[in-house]
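Given the sequences, and given the hints that come with them, work out the whole structure.
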Amino acid sequence: MSAHADTPAIPISFKRRAHDAVHDAQLRKNFRGAMDFLMAKRAAQFPDGDELERLRAFGNRVRARALSKLPDLLQRLEANLTRNGVKVHWAETVDEANAIVHQIVAAHEAKQVIKGKSMVSEEMEMNHYLEGHGVDCLESDMGEFIVQLGNEKPSHIIMPAIHLNAGQVASLFHDKLEVDYTEDVDRLIQIGRETLRRKFFEADIGVSGVNFAIAETGSLLLVENEGNGRMSTTVPPVHIAVTGIEKVVENLRDVVPLLSLLTRSATGQPITTYVNVISGPRKADELDGPQEVHLVLLDNGRSQAFADSELRQTLNCIRCGACMNHCPVYTRIGGHAYGTVYPGPIGKIVTPHMLGLEATRDLPSASSLCGACGEVCPVKIPIPAILRRLREENVRPPAAEPHHMRGQGSKYSRRERYTWKAWRTLNTSPRLYRLFGLAATRLSGLIPADIGPWTEHRSAPKPAARTLHELARDHLGED
Amino acid sequence: MSSPHSSVATPQATRLAPPLAGARNYPAQKPAEVYLFGTCVLDLFFPEAGMDAIRLLEREGIRVHFPQGQSCCGQPAYTSGYTDEAREVARAQLALFSHDWPVVVPSGSCAGMFRHHYAELFHDEPATLRQVEALAARTYELAEFLLEVCRIQLDDRGSPIKVALHTSCSARREMGTHVHGRSLLSQLGQVERVDHDHESECCGFGGTFCVRMPDISGAMVRDKTAALAGAGADAVVSADCGCLLNINGAFEKQQQSLRGEHLASFLLRRTGGKSDGVQS
Ligand code: SF4
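Chains as they are written, first to last, in numbering that gives the first Met the number 0: chain U, 0 to 478; chain P, 0 to 279.
Just so you know, not all the hints are guaranteed correct.
To spell it out: a stretch of chain P is covered by chain U in this simulated footprint if at least three of its residues, at any positions, have a beta carbon under 8 Å from a beta carbon of chain U; those stretches are [to be verified]:
id, region
1, 70-83
2, 124-138
3, 201-211
To be clear, the hints were calculated from the coordinates, so they are not data collected in a lab.
C-beta atoms are modelled at their ideal positions from N, C-alpha and C, and glycine is treated no differently.
Laid out in structure tokens, this is it:
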């Protein structure tokens, strides 16, 4: 079996993509500038550190409470949505979710779908799937529109086209939309909007994501800044919302702190331009709105995270993107290098549940555990602690019980395990440790075999002539 | 929620990391004796900094004990996912501090390991956990201890100098002791602290991260050294030897003359103390 040139037998690794990204000066510049901008915007929204801490603790409790009764809340959500006339569908896998969407599309003989921004639809690769069935999908969020035009994937969960600067967007529009080249951002937005406007009226179906699904009232809340979300969910005759099962909250009261945390953490806005609350299809006496509303609730590995009290905290996420904006790794490699739908710190902790640890084996290691993500997360997900836990799952023997995660032990290596056992022996035996300190080659055999990489960017560390143990003994005596 | 990539404003890139929320209570009295936990990186690569820490403490009238059985806090294995190995190494350290003297650690990240992560390692061993909690309560990072417990008064004897302070991520985010480093430097009359670009960002060390992800770590340390060199500082100081190993290695590779030194060595030298430690 020979591998075709387009489909390498070995998928391009995370490390390879990261290598290319850090050497891409334009990419580095775009991300550094954009992340600095977003960090400053967020910081300006939270001038009072104590208030921020109180709010984060509150947000965390609201999410933890919702998750503690997740099955019950999902049932209430379904009952109340159904009462409101929304059809609820359950999908365990992305294939099931796509099949559900396709059934709805087929039932309406739909040919054109217009989409508001939805990361779950990215998770499903819905565009690709529907296009394979002869259905056109058009992204209406400006960032998503740009990314789709360039035949790319989003590089950020909130700002899909953040990897591009105005000049790059200008070239893209000039090439694909055949308009005059302009770097005027307002003009570029105008061009995009003009292109999209007609499409809202031509579409048979509108697709959107959901920010919060409210169990008590049976409603779906969606925030956005461009009005495209409202258009996608009200103009076409059918609206399909897709979301993950973790997005449910108990009641409208719970939404208030979460919404405030979300918009302030994400874009540094006190509130988004549009806040849509969708509570069912058009009623008999109403003039507009879709005739049919569907909600597809997707699991896709979330239940695996839910089953473990530590990993469950991953599901607190309200998808604000602050963790990526503050991440020194994301800032340097951008979103595409991760090779996953969700990049950055949240991507590293949520994707292993979706794709398994095998397919995401390098992601937990791609962090210095600096803690910037955990520090800003509005719902206090201890991302560094979860990354550490994923590393542990990654190096456990594949067959060891209990089995918490699909792909457990994907980085299991006997050699590395023995190295750490030797390290343990050395560091639990004062005599050996002392001998080791005395040995001239103090580091050999201790650090994992790939110490070579250290010297790519640094001179080799030089052990001192005498250890502190020796100096202290001379000075203080044996203790 | 996206809107297109809008014009990028000049960021507050040098915005300093704020103090950590939640204040720690400090003892009213300076103790007569303390333990010093030297840390493994310092032991091998910066032993003079450990000696300088001892001298600073002694000058405050404190008797320092250095348990010869100490090795490593266990962090490298812990952050690599080898929890069992980390726990056994941690257990060996726990046995060293039998008196209830404070344990002073010249490293934010190893102090953070004692104060925050040992409890995770021993969460299902109630008896050990009590011991761990007692240790956590009396563990102090060196700068924190000098300032808050010794209430040190530094008398600067040096000539005017500009200094950039690099704080480790654990110092900033776990221990909140970055503010202590700043306060100690500000006691020195002839020292002007200069803040470097993206002060609150990681230097890229991250334990085994720097060898597992060399490209990303390399990009981070290049940015960090460029920011430090660009700050116009005559000297770079830090209270964490992991960061220093990384930053100095990069400075040397880039053939820059700047080198970071441990805060303890800098403080001792500025205040007329003499380090008889061996230079590495
Ligand atoms: S993990 Fe936290 S910071 Fe990151 S996207 Fe989710 S809510 Fe936001």
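**Message:** Please check whether the region 201-211 of chain P has three or more residues whose CB lies within less than 8 Å of a CB on chain U.
**Reply:** Result for this restraint: holds, n = 10.
**Item:** 8 Å C-beta test of the region 124-138 of chain P against chain U, three or more residues
**Value:** Answer violated; 0 residues pass the 8 Å Cβ test.
**Asked** Are three or more residues of the region 70-83 of chain P within 8 Å, CB to CB, of chain U?
**Response** Coverage by chain U holds here, the residue count being 11 at a Cβ distance below 8 Å.
Of the hints listed earlier, the one the structure fails to meet is number 2.
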